[in-house]
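Whenever a hint applies, use it, and build me the whole structure from the sequences.
Under the working numbering, the first residue of the sequence shown carries the number 3, and numbering increases by one thereafter.
Check before you lean on any hint, since a few could be wrong.
[Claimed, not checked] Now the in silico label distances, taken between C-beta atoms and shown as ranges:
no.: 1; residue 1: T117; residue 2: R34; range: 39 to 47 Å
no.: 2; residue 1: A29; residue 2: L110; range: 22 to 30 Å
no.: 3; residue 1: S6; residue 2: A87; range: 41 to 49 Å
no.: 4; residue 1: L110; residue 2: D36; range: 34 to 42 Å
no.: 5; residue 1: I94; residue 2: G21; range: 18 to 26 Å
no.: 6; residue 1: T39; residue 2: I10; range: 15 to 23 Å
no.: 7; residue 1: M82; residue 2: D36; range: 15 to 23 Å
no.: 8; residue 1: S6; residue 2: Q86; range: 42 to 50 Å
no.: 9; residue 1: L61; residue 2: N35; range: 33 to 41 Å
no.: 10; residue 1: R5; residue 2: Q86; range: 42 to 50 Å
no.: 11; residue 1: L7; residue 2: L27; range: 27 to 35 Å
no.: 12; residue 1: L13; residue 2: A87; range: 35 to 43 Å
no.: 13; residue 1: I65; residue 2: F31; range: 24 to 32 Å
no.: 14; residue 1: I65; residue 2: A103; range: 16 to 24 Å
If you are wondering where the hints come from, they were derived from the structure by calculation, not from laboratory data. Yeah, the Cβ is synthetic: ideal placement off N, Cα and C, and Gly gets one too.
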Amino acid sequence: MKRSLRYILLLAGIFLGCGHLWLALKAMFVFRNDEPTSTWYFIIVGPLSTLPAVVVACLWPKIGGGWLIFGSVLSFFFAMASLQADRNLHDIIWYFTAYSAPMLILGLGTIFCSTNDENDVNMRSREQPD
Numbered sequence: 003m004k005r006s007l008r009y010i011l012l013l014a015g016i017f018l019g020c021g022h023l024w025l026a027l028k029a030m031f032v033f034r035n036d037e038p039t040s041t042w043y044f045i046i047v048g049p050l051s052t053l054p055a056v057v058v059a060c061l062w063p064k065i066g067g068g069w070l071i072f073g074s075v076l077s078f079f080f081a082m083a084s085l086q087a088d089r090n091l092h093d094i095i096w097y098f099t100a101y102s103a104p105m106l107i108l109g110l111g112t113i114f115c116s117t118n119d120e121n122d123v124n125m126r127s128r129e130q131p132d
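Given below as structure tokens:
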């Protein structure tokens, strides 16, 4: 069950990472010269780092999961900073559901799967007779 959940998260992370990468690259090519730095930080920390974080999470789940969670929170803060004075609820919800929430869910799921794997190994080592 846990192994299948890990593969599902990996597949979802690859698809989400490719989608985020595509959106980030399109956004970077249409940025103006006077684009706020918070918008650049939002793109780099959030959508542009999703796919590398998922790849790292395949090899080192805790590091990749932490990267996804940290990137999710930081990208949301940078997105709110880039909105400046014209914040409304619709934009806040859109940024959260399109970028931050999927990264947060992937990160939490990855860490959950890795801690369960470690708990299983610890339980098996205690059950084996010496």
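Consistency of the hints with the structure:
1. The hint said 39 to 47 Å for the Cβ distance between T117 and R34, and at roughly 44 Å that hint holds.
2. The given range of 22 to 30 Å is respected by A29 and L110, whose C-beta atoms sit roughly 26 Å from each other.
3. For S6 and A87, the hinted distance range of 41 to 49 Å is satisfied, since their beta carbons lie about 47 Å from each other.
4. For L110 paired with D36, a C-beta distance near 37 Å keeps the hint of 34 to 42 Å intact.
5. For the hinted restraint 18 to 26 Å between I94 and G21, the CB-CB distance of approximately 21 Å keeps it satisfied.
6. The supplied range of 15 to 23 Å is broken by T39 and I10, whose beta-carbon atoms lie about 36 Å from each other.
7. The hinted window of 15 to 23 Å between M82 and D36 holds, with their beta carbons roughly 19 Å apart.
8. Separation of S6 from Q86 is about 44 Å and conforms to the stated range, judged on CB atoms against 42 to 50 Å.
9. Checking the proposed 33 to 41 Å range against L61 and N35 shows it holds: the Cβ atoms sit about 39 Å from each other.
10. Under the hint 42 to 50 Å, the C-beta atoms of R5 and Q86, about 45 Å apart, fit the expected range.
11. Range check, L7 to L27: Cβ separation about 30 Å, and the 27 to 35 Å hint holds.
12. The hinted range of 35 to 43 Å is satisfied by L13 and A87, whose Cβ atoms lie roughly 40 Å apart.
13. Here the CB-CB span from I65 to F31 is close to 30 Å, well matched to the stated 24 to 32 Å.
14. For I65 and A103, the hinted distance range of 16 to 24 Å is satisfied, since their beta carbons lie about 21 Å from each other.
Checked against the numbered hints listed earlier, the structure breaks hint 6 alone; every other hint is satisfied.
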